[in-house]
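Participant: If you want the building blocks of each chain, they are given just below.
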Amino acid sequence: AQKVTQAQTEISVVEKEDVTLDCVYETRDTTYYLFWYKQPPSGELVFLIRRNSFDEQNEISGRYSWNFQKSTSSFNFTITASQVVDSAVYFCSTSGGGADGLTFGKGTHLIIQP
Amino acid sequence: EPEVTQTPSHQVTQMGQEVILRCVPISNHLYFYWYRQILGQKVEFLVSFYNNEISEKSEIFDDQFSVERPDGSNFTLKIRSTKLEDSAMYFCASSETVRGRPQHFGDGTRLSIL
Numbered sequence: 001a002q003k004v005t006q007a008q009t010e011i012s013v014v015e016k017e018d019v020t021l022d023c024v025y026e027t028r029d030t031t032y033y034l035f036w037y038k039q040p041p042s043g044e045l046v047f048l049i050r051r052n053s054f055d056e057q058n059e060i061s062g063r064y065s066w067n068f069q070k071s072t073s074s075f076n077f078t079i080t081a082s083q084v085v086d087s088a089v090y091f092c093s094t095s096g097g098g099a100d101g102l103t104f105g106k107g108t109h110l111i112i113q114p
Numbered sequence: 001e002p003e004v005t006q007t008p009s010h011q012v013t014q015m016g017q018e019v020i021l022r023c024v025p026i027s028n029h030l031y032f033y034w035y036r037q038i039l040g041q042k043v044e045f046l047v048s049f050y051n052n053e054i055s056e057k058s059e060i061f062d063d064q065f066s067v068e069r070p071d072g073s074n075f076t077l078k079i080r081s082t083k084l085e086d087s088a089m090y091f092c093a094s095s096e097t098v099r100g101r102p103q104h105f106g107d108g109t110r111l112s113i114l
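Those protein sequence lines, which keep their order, are chains L and Y.
Note that my numbering has the first sequence beginning at 1, numbered continuously upward.
Note that my numbering has the second sequence beginning at 1, numbered continuously upward.
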């Protein structure tokens, strides 16, 4: 069974600051997948990124970057030069071992203050 | 961009009544899912559906729940004899294939049981 821990319940920063959201996962599977989703105040879940267990390359997409480290079972998400529109709950999730369903962490509520 | 659509956006039902939540997955997707999110909590997997049958279900998905693909476009979640604790946001999702492909979520149906 998978488990995802997002230890940061809430983070508040001032606009333009950089912020990192932590995600630690647990799995016994050798093949697994990691995801980040964003849930803005309107409530929908927006897919941000997917990583498989064989690809430890970090990824950058505009102001977003992701750091995947198998050695520490972490898949952290960094927003540079944060903006008010980044305010949302961010969920890290995983799937693997032949399971269809995603296992989500409890989410980190990110508040960007103007 | 194709999206998953869910209706209704909000459903209010008396305890003990049956409710059907509807979803139209992305047209070329083959796997369909239901998740629920109790207010303020994490997103929880309920069930996955492929080739007109349940592929996987969580322990939450008991005999009270059922899913169906009544035609070529709709995917429904039925909750029989609703209970107060069924109050939650219910998300439908779809993916091209399973196990590793991103799951794209609808905007959710907020179910309120009175």
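Note that these hints are calculated values from the structure, not bench results.
Model, not experiment: these values are computed from the prediction.
Note that the Cβ used here is the ideal one computed from N, Cα and C, for glycine as well.
Any given hint might turn out to be false.
Unchecked claim - Taking lysine-lysine and the BS3-like style, the derived pairs with C-alpha atoms no more than 27 angstroms apart in a straight line are:
#, chain 1, residue 1, chain 2, residue 2
1, Y, K42, L, K106
2, Y, K42, L, K3
3, Y, K57, L, K3
4, L, K106, Y, K83
5, L, K106, Y, K57
6, Y, K78, L, K70
7, L, K38, Y, K57
8, L, K38, L, K70
To be verified - Partner residues are not named here, just some residues of chain Y that face chain L (Cβ under 10 angstroms, in silico):
#, residue
9, E56
10, F65
11, R69
Participant: If a hint holds in the structure, say so; if it doesn't, say that too.
Facilitator: Consistency of the hints with the structure:
1. The hinted pair formed by K42(Y) and K106(L) meets the criterion: a straight-line CA distance of about 5 angstroms does not exceed 27 angstroms.
2. Restraint check for K42(Y) and K3(L): satisfied, since their Cα atoms lie roughly 12 angstroms apart, inside the 27 angstroms limit.
3. For the hint linking K57(Y) to K3(L), the alpha-carbon distance of about 17 angstroms falls within 27 angstroms, and the restraint holds.
4. For the proposed pair K106(L) and K83(Y), the alpha carbon gap of about 24 angstroms is at most 27 angstroms, so the pair holds.
5. Distance restraint check for K106(L) and K57(Y): the Cα-Cα separation of roughly 20 angstroms lies within the 27 angstroms cut-off, and the hinted pair is therefore satisfied.
6. Simply put, K78(Y) and K70(L) have alpha-carbon atoms about 40 angstroms apart, too far for the 27 angstroms limit, and the pair is violated.
7. Using a Cα cut-off of 27 angstroms, the hinted pair K38(L) and K57(Y) holds, with the two alpha carbons roughly 24 angstroms apart.
8. Distance restraint check for K38(L) and K70(L): the Cα-Cα separation of roughly 23 angstroms lies within the 27 angstroms cut-off, and the hinted pair is therefore satisfied.
9. The beta carbon of E56(Y) is positioned within 10 angstroms of a beta carbon in chain L (closest approach about 4 angstroms), and the interface hint is therefore held.
10. At a threshold of 10 angstroms, the smallest CB-CB gap from F65(Y) to chain L is about 14 angstroms, leaving the interface hint violated.
11. Interface hint at R69(Y): violated, since its Cβ lies 16 angstroms from the closest Cβ of chain L, which is beyond the 10 angstroms cut-off.
Checked against the numbered hints listed earlier, the structure breaks hints 6, 10 and 11; every other hint is satisfied.
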